[in-house]
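Produce the entire structure from the sequences given, and follow the hints as far as they go.
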Amino acid sequence: MSSTAIHTSSSQGDNAVSDNAAESTFHEVDDQDRAIPAIEFRNVVLSFDDRAVLNNLSFKVMKGETKIILGGSGGGKSTIIKLVLGLLKPDSGQVLVDGEDVTNYDEGQMMGVRKKIGMVFQEGALFDSLSVYDNVAYRLHEQAVPEEEVEPEVRRMLRFVNLEDAIDKMPAELSGGMRRRVGIARALIGDPKIVLFDEPTAGLDPPTARTICELAMKLRDLEDVSSIFVTHEMNNLDYICSEYAVVDDEGKVIFEREGARLCLINSKVMMMRQGDIIFSGTDERLRKAEDPYIQKFLRGH
Amino acid sequence: MNFATRALLELQETTLMAARAARGIFKRPRYIPETIAQMDAIGVGSLTIIILTGFFTGGVLTVQTFPTLKTYGAQSQTGYLVAISLVRELGPVLCALMVTGRVGSAISAELGSMVVSQQIDAMRALGTDPIRKLVAPRLIALLISLPLLTVLADVLGIFGGWVTATALYSVSSSVFIMSVRDGITTDDLVGGLVKPIVFSLIIGTVACRQGLSTEGGTVGVGRSTTRAVVTASIIVIIADYFLAKALQVILGTT
Numbered sequence: 001m002s003s004t005a006i007h008t009s010s011s012q013g014d015n016a017v018s019d020n021a022a023e024s025t026f027h028e029v030d031d032q033d034r035a036i037p038a039i040e041f042r043n044v045v046l047s048f049d050d051r052a053v054l055n056n057l058s059f060k061v062m063k064g065e066t067k068i069i070l071g072g073s074g075g076g077k078s079t080i081i082k083l084v085l086g087l088l089k090p091d092s093g094q095v096l097v098d099g100e101d102v103t104n105y106d107e108g109q110m111m112g113v114r115k116k117i118g119m120v121f122q123e124g125a126l127f128d129s130l131s132v133y134d135n136v137a138y139r140l141h142e143q144a145v146p147e148e149e150v151e152p153e154v155r156r157m158l159r160f161v162n163l164e165d166a167i168d169k170m171p172a173e174l175s176g177g178m179r180r181r182v183g184i185a186r187a188l189i190g191d192p193k194i195v196l197f198d199e200p201t202a203g204l205d206p207p208t209a210r211t212i213c214e215l216a217m218k219l220r221d222l223e224d225v226s227s228i229f230v231t232h233e234m235n236n237l238d239y240i241c242s243e244y245a246v247v248d249d250e251g252k253v254i255f256e257r258e259g260a261r262l263c264l265i266n267s268k269v270m271m272m273r274q275g276d277i278i279f280s281g282t283d284e285r286l287r288k289a290e291d292p293y294i295q296k297f298l299r300g301h
Numbered sequence: 001m002n003f004a005t006r007a008l009l010e011l012q013e014t015t016l017m018a019a020r021a022a023r024g025i026f027k028r029p030r031y032i033p034e035t036i037a038q039m040d041a042i043g044v045g046s047l048t049i050i051i052l053t054g055f056f057t058g059g060v061l062t063v064q065t066f067p068t069l070k071t072y073g074a075q076s077q078t079g080y081l082v083a084i085s086l087v088r089e090l091g092p093v094l095c096a097l098m099v100t101g102r103v104g105s106a107i108s109a110e111l112g113s114m115v116v117s118q119q120i121d122a123m124r125a126l127g128t129d130p131i132r133k134l135v136a137p138r139l140i141a142l143l144i145s146l147p148l149l150t151v152l153a154d155v156l157g158i159f160g161g162w163v164t165a166t167a168l169y170s171v172s173s174s175v176f177i178m179s180v181r182d183g184i185t186t187d188d189l190v191g192g193l194v195k196p197i198v199f200s201l202i203i204g205t206v207a208c209r210q211g212l213s214t215e216g217g218t219v220g221v222g223r224s225t226t227r228a229v230v231t232a233s234i235i236v237i238i239a240d241y242f243l244a245k246a247l248q249v250i251l252g253t254t
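Protein sequence lines correspond, in order, to chains A and B. Using our numbering, the letters of the first sequence map in sequence onto residues 1 to 301. Using our numbering, the letters of the second sequence map in sequence onto residues 1 to 254.
Bear in mind the hints are in silico, worked out from the structure with no lab data behind them. We put the CB at the ideal spot given by N, CA and C, even for glycine. A couple of the hints might just be wrong.
[Said to hold, decoys possible] DSSO-like, lysine-lysine: derived pairs with alpha carbons at most 27 angstroms apart:
id, chain 1, residue 1, chain 2, residue 2
1, A, Lys115, B, Lys27
2, A, Lys252, A, Lys63
3, A, Lys82, A, Lys63
4, A, Lys169, B, Lys27
5, A, Lys116, A, Lys193
6, B, Lys133, A, Lys116
7, A, Lys115, A, Lys193
8, A, Lys193, B, Lys70
9, B, Lys27, A, Lys116
10, A, Lys218, A, Lys82
11, A, Lys252, A, Lys60
12, B, Lys245, A, Lys89
13, B, Lys133, B, Lys27
14, A, Lys115, B, Lys133
15, A, Lys82, B, Lys245
16, A, Lys252, A, Lys288
17, A, Lys252, A, Lys218
18, A, Lys63, A, Lys89
19, A, Lys218, A, Lys63
20, A, Lys252, A, Lys296
21, A, Lys193, A, Lys218
22, A, Lys169, A, Lys60
23, B, Lys27, A, Lys89
24, A, Lys115, A, Lys63
25, A, Lys252, A, Lys193
26, A, Lys115, A, Lys82
[Claimed, not checked] One side of the interface only, derived from the structure: several residues of chain A facing chain B at Cβ under 10 angstroms:
id, residue
27, Thr103
28, Glu107
29, Met110
30, Arg114
31, Gly124
32, Phe127
33, Ser129
34, Ala202
35, Asp205
36, Asp283
Structural data, given as structure tokens:
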């Protein structure tokens with residue numbers, strides 16, 4: 001961008017060159033909007049009855065970043081997602097979405113925030129009384145979008161998850177992996193800029209789990225979506241942190257491993273244990289971490 | 001928490017939910033197709049059991065009271081007795097109990113399963129208020145259907161009584177119909193319609209609240225369904241007592 005700006009303005013004289021170049025560089029580096037985290041937790045504390053679920057939790061998910069939250073069951077991973085959506089409220093601390101403090105929003109105000117967020121539930125959580133089409137179209141139907149605009153959107157989303165033929169099926173007729181993918185299509189309708197995945201691969205066979213991870217990578221690398229990806233499966237981490245999606249010369253989406261070209265995969269890892277963050281950083285650093293719990297988690301024994 | 005605190009808390013939550021549902025009715029989007037679908041499920045779906053309940057209740061009233069009335073030579077008053085018992089008491093209460101069993105349990109089980117399979121969370125995440133989308137249509141559907149079902153039960157009960165009286169006890173048809181007409185007053189009809197309106201609110205709010213507060217997987221769904229039916233039935237019967245007395249005072253028929 002900045003180089004084209006210099007190039008085109010160079011014909012207009014020296015002053016213009018320096019002015020324009022300075023302006024465009026300034027614009028690139030200090031894009032105010034990109035500097036605001038998509039999601040931010042500030043000292044969030046939450047407990048159920050007497051059991052502490054989250055102890056003074058603080059972290060940020062930047063724009064376009066995928067934050068992988070690892071940890072054993074009952075470590076408070078899914079709770080984080082519910083807090084972002086306002087399905088739960090923290091006892092103290094702040095939750096910010098797009099720089100907006102949503103901590104004290106009531107249900108009505110929260111509805112506006114939720115429009116920006118797509119959520120993929122553990123088992124899909126599809127409405128069993130509605131067909132796949134109506135499930136995916138749900139958000140648009142609720143907003144009373146005219147039907148002729150709804151259908152192409154639904155088809156586009158189902159194509160994205162590779163399930164266009166299942167459009168007329170009922171959720172009960174789908175396999176576990178298909179339900180998750182419909183859940184993803186439903187979450188992505190309306191192109192939310194934030195997507196939350198709650199253990200989307202739990203209980204799926206490896207190839208299907210891989211497909212789900214590929215969808216997450218496509219969102220990160222091609223759609224500039226910020227996301228939280230809660231999982232306890234190490235192969236999810238391998239895929240998402242070491243591969244990236246690109247569009248090849250024929251317009252097909254392909255996945256390449258890191259290192260083949262110079263690239264910076266926009267993913268960070270955070271590890272939770274009993275309501276505390278015990279690690280936060282890149283996957284390379286996670287693998288070198290000396291904490292015995294992390295080592296055990298990585299090796300599986 | 002002891003029983004009284006729990007009951008009070010439950011009452012508070014149920015009332016808040018009902019209030020939120022009531023407020024939601026006047027806001028957009030309105031869930032008219034959902035309400036119509038619920039009226040179909042609750043009203044039309046309950047027709048068979050209400051027809052059968054009404055008809056045989058009226059019939060058995062005749063069977064049980066005719067011999068007694070005959071002892072006093074008052075067999076011409078059979079219609080009077082059947083009509084009054086049905087319109088004042090049995091019609092509204094039996095209808096409410098049947099609907100609690102059939103509809104209250106279904107509502108609670110459906111909402112409960114939606115809670116445990118995270119569909120309610122999904123609904124909220126997709127920007128819909130489940131109270132407005134699920135609770136309000138069910139409350140409205142009950143509010144419209146139950147009084148209509150009660151009227152139907154009353155009419156069929158009187159018909160059942162008439163069939164029994166004329167066929168088994170050879171009461172003449174015109175005598176029976178005359179005594180029914182003598183028996184029912186406007187006050188009875190008003191009371192007979194106020195009751196189902198109150199009962200429908202009880203059944204709807206209790207069933208929805210129990211369903212939405214389900215915890216603990218499929219076992220929890222069973223538990224909340226049982227609790228919904230038991231609680232709603234008991235409250236209906238207790239409320240009936242107080243309503244009967246209140247109506248007498250208000251309508252001045254003491």
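Taking the hints in turn, this is what the structure says about them:
{"no.": "1", "hint": "A:Lys115 - B:Lys27", "result": "18 angstroms, holds"}
{"no.": "2", "hint": "A:Lys252 - A:Lys63", "result": "25 angstroms, holds"}
{"no.": "3", "hint": "A:Lys82 - A:Lys63", "result": "20 angstroms, holds"}
{"no.": "4", "hint": "A:Lys169 - B:Lys27", "result": "32 angstroms, violated"}
{"no.": "5", "hint": "A:Lys116 - A:Lys193", "result": "6 angstroms, holds"}
{"no.": "6", "hint": "B:Lys133 - A:Lys116", "result": "21 angstroms, holds"}
{"no.": "7", "hint": "A:Lys115 - A:Lys193", "result": "10 angstroms, holds"}
{"no.": "8", "hint": "A:Lys193 - B:Lys70", "result": "81 angstroms, violated"}
{"no.": "9", "hint": "B:Lys27 - A:Lys116", "result": "22 angstroms, holds"}
{"no.": "10", "hint": "A:Lys218 - A:Lys82", "result": "24 angstroms, holds"}
{"no.": "11", "hint": "A:Lys252 - A:Lys60", "result": "32 angstroms, violated"}
{"no.": "12", "hint": "B:Lys245 - A:Lys89", "result": "45 angstroms, violated"}
{"no.": "13", "hint": "B:Lys133 - B:Lys27", "result": "11 angstroms, holds"}
{"no.": "14", "hint": "A:Lys115 - B:Lys133", "result": "17 angstroms, holds"}
{"no.": "15", "hint": "A:Lys82 - B:Lys245", "result": "49 angstroms, violated"}
{"no.": "16", "hint": "A:Lys252 - A:Lys288", "result": "35 angstroms, violated"}
{"no.": "17", "hint": "A:Lys252 - A:Lys218", "result": "12 angstroms, holds"}
{"no.": "18", "hint": "A:Lys63 - A:Lys89", "result": "23 angstroms, holds"}
{"no.": "19", "hint": "A:Lys218 - A:Lys63", "result": "15 angstroms, holds"}
{"no.": "20", "hint": "A:Lys252 - A:Lys296", "result": "39 angstroms, violated"}
{"no.": "21", "hint": "A:Lys193 - A:Lys218", "result": "13 angstroms, holds"}
{"no.": "22", "hint": "A:Lys169 - A:Lys60", "result": "39 angstroms, violated"}
{"no.": "23", "hint": "B:Lys27 - A:Lys89", "result": "25 angstroms, holds"}
{"no.": "24", "hint": "A:Lys115 - A:Lys63", "result": "17 angstroms, holds"}
{"no.": "25", "hint": "A:Lys252 - A:Lys193", "result": "23 angstroms, holds"}
{"no.": "26", "hint": "A:Lys115 - A:Lys82", "result": "15 angstroms, holds"}
{"no.": "27", "hint": "Thr103", "result": "17 angstroms, violated"}
{"no.": "28", "hint": "Glu107", "result": "6 angstroms, holds"}
{"no.": "29", "hint": "Met110", "result": "8 angstroms, holds"}
{"no.": "30", "hint": "Arg114", "result": "5 angstroms, holds"}
{"no.": "31", "hint": "Gly124", "result": "9 angstroms, holds"}
{"no.": "32", "hint": "Phe127", "result": "6 angstroms, holds"}
{"no.": "33", "hint": "Ser129", "result": "9 angstroms, holds"}
{"no.": "34", "hint": "Ala202", "result": "13 angstroms, violated"}
{"no.": "35", "hint": "Asp205", "result": "22 angstroms, violated"}
{"no.": "36", "hint": "Asp283", "result": "28 angstroms, violated"}
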